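The chain contents come next:
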Amino acid sequence: MTVYLPIAELSVNILIILGMGAAVGFLSGMFGVGGGFLITPLLIFYNIPPVVAVATGANQVVASSISGAITHFRRGTIDIKLGTVLLCGGLVGATVGIWIFALLRRIGQLDLVISLAYVVLLGSVGSLMLWESINALRRAARNETVPLKRPGHHNWVHRLPLKMRFKKSKIYLSVIPVITLGFAIGILTSVMGVGGGFIMVPAMIYLLRIPTNVVVGTSLFQIIFVSAYTVIVQATANYTVDIVLAFVLMIAGVIGAQYGVRVGQRLRGEQLRALLALLVLAVGIRLAIELVIPPKEIYSIVSGGFGF
Amino acid sequence: MRMWARALLIGLFLAAPAVGRAEPIDFTEKLDIGISTDEIAITSDFRGADLTIFGAIDGFNADLLAQGKYNIVVALEGPKENTTVRKKERIFGIWINTSAMTFELVPESYSLSSTRDIDTIAPPDDMNKLGVGVSHLPLTPVGFIGDGSNLTEFREAFKRLREVTGVYQRDPGGVQFISSSLFKASVRLPADVPNGVHIVRAYLFRDGVFVAAKALPLRVTKTGLEEAITAAAHQSPFLYGIMAVLLAVITGWLASVVFRRD
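Chains as they are written, first to last, in our numbering: chain A, 1 to 308; chain B, 1001 to 1262.
The hints are all genuine.
List time: in silico SDA-like cross-link candidates among lysine to any residue, alpha-carbon distance up to 20 Å:
1. A:296 / B:1092
2. B:1088 / A:300
3. B:1087 / A:116
4. B:1159 / A:300
5. A:167 / A:88
6. A:168 / A:205
7. B:1087 / A:300
If you are wondering where the hints come from, they were derived from the structure by calculation, not from laboratory data. Computed from a prediction, not measured in an experiment: that's the story for all the values here.
Sequences are here, hints too, so could you generate the full structure?
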């Protein structure tokens, strides 16, 4: 059963797209991640043009983050003030990212940069996660307790000026690292179509020392607005959001996520992290191979505009 | 006003190719063609189709006609766009687009039909002048191209890619005489036929010499839900973006309501 994607301009098997959405939704529910960093590479593997995959991935991130954010909002685990400061950086970052996106597209290097960025990001994050979770598994096997650095301990980040009090997080923190973090994630959102939660959450916990209970909700809060902004700007500037593709992915994704959550609750934290790390590495390696093997066709054609 | 602008546009399309092309002057032959419609609406499940064009030769020489000395070429040219060809090379082990060339206003699609292989109809130089046939389309590079040594390479790659993907096609034998001077040509509309004004061009050759030509505009419009979406995405992109976000918000919110567990 095929469906024509009007913006990607190709016919795809709707069952494969549904399967992809459900699988990524399942994993995102299981690991508590947005799934943008998996959906975009999967779409690229399925021959969706990277420009469309990135913009549409951001749209899917909006849907998958909303339900999580609503749950956190009900529980009162969102620091709106902190989220808003992050968002300020995020919107600027997303705007810069869209500009970079359009520039790279014009000079014909967009596909390459997207793939390279994914290889670097997935490779490094995957390796770090795998390393960390293997150590955790070893410690668990030897029945050692984990020496967790307590949030509240200070590092260089806490000596920066322009401090602001965030009541909900019970933290007094400079806005400089918060805005910088938001800015960096904003660029990733518009260039790579990821929500960026898998980088933002560790950065907030380990670098900014924000209490863990508000971290996930607050990052989801920022992700929703930055990816929604990215979708609108991508649609306006580059015409690359495929609403049909996004809708199919969303529906399958939100359903898959419900089952993922249930399975995730039965697995132990470090096992989950090790599995996610392996998955992240596998996707990164697959993209790296694609860059290195000789392509079937070394020429490509683009209509409209100029190239050099 | 829009109709008027459209008519003017079509007029320009028809007038443009006459410039700089060998125009026959003192031949008695005239060529006429007709299509049943000047507008084709294509649904989104379109998988490609044949378009039949009828035509007649007037003022012909009966002896030459009987000897089969008249040859006809019919081409369906899609809307023209500047088109960039890029080439990848291996740098530090990674395949990267390293060079590119942009060609000026080449047709997005091109379907050719003729009484025989066009290279046997007239000398290649004449075909180049007329710009008839995939291998004779004028491919003029835009901007700085260095010493031009890679021009042939990029032109060849362009033609090959367009033929491989089926948007450029040729059918030697697609034009058939149905009576002594009436003919029928079928040209292929590819599955991904571009929207816009296409031009049907017919060329008449007498014993290897170009004697007459005729052109007709053909408007291709795609219809259906997918096309409406494409139109919305390009004509009101901001609203389209907002719609996409709203769709995501509603889907996410519904999921949190339906699957609420606490």
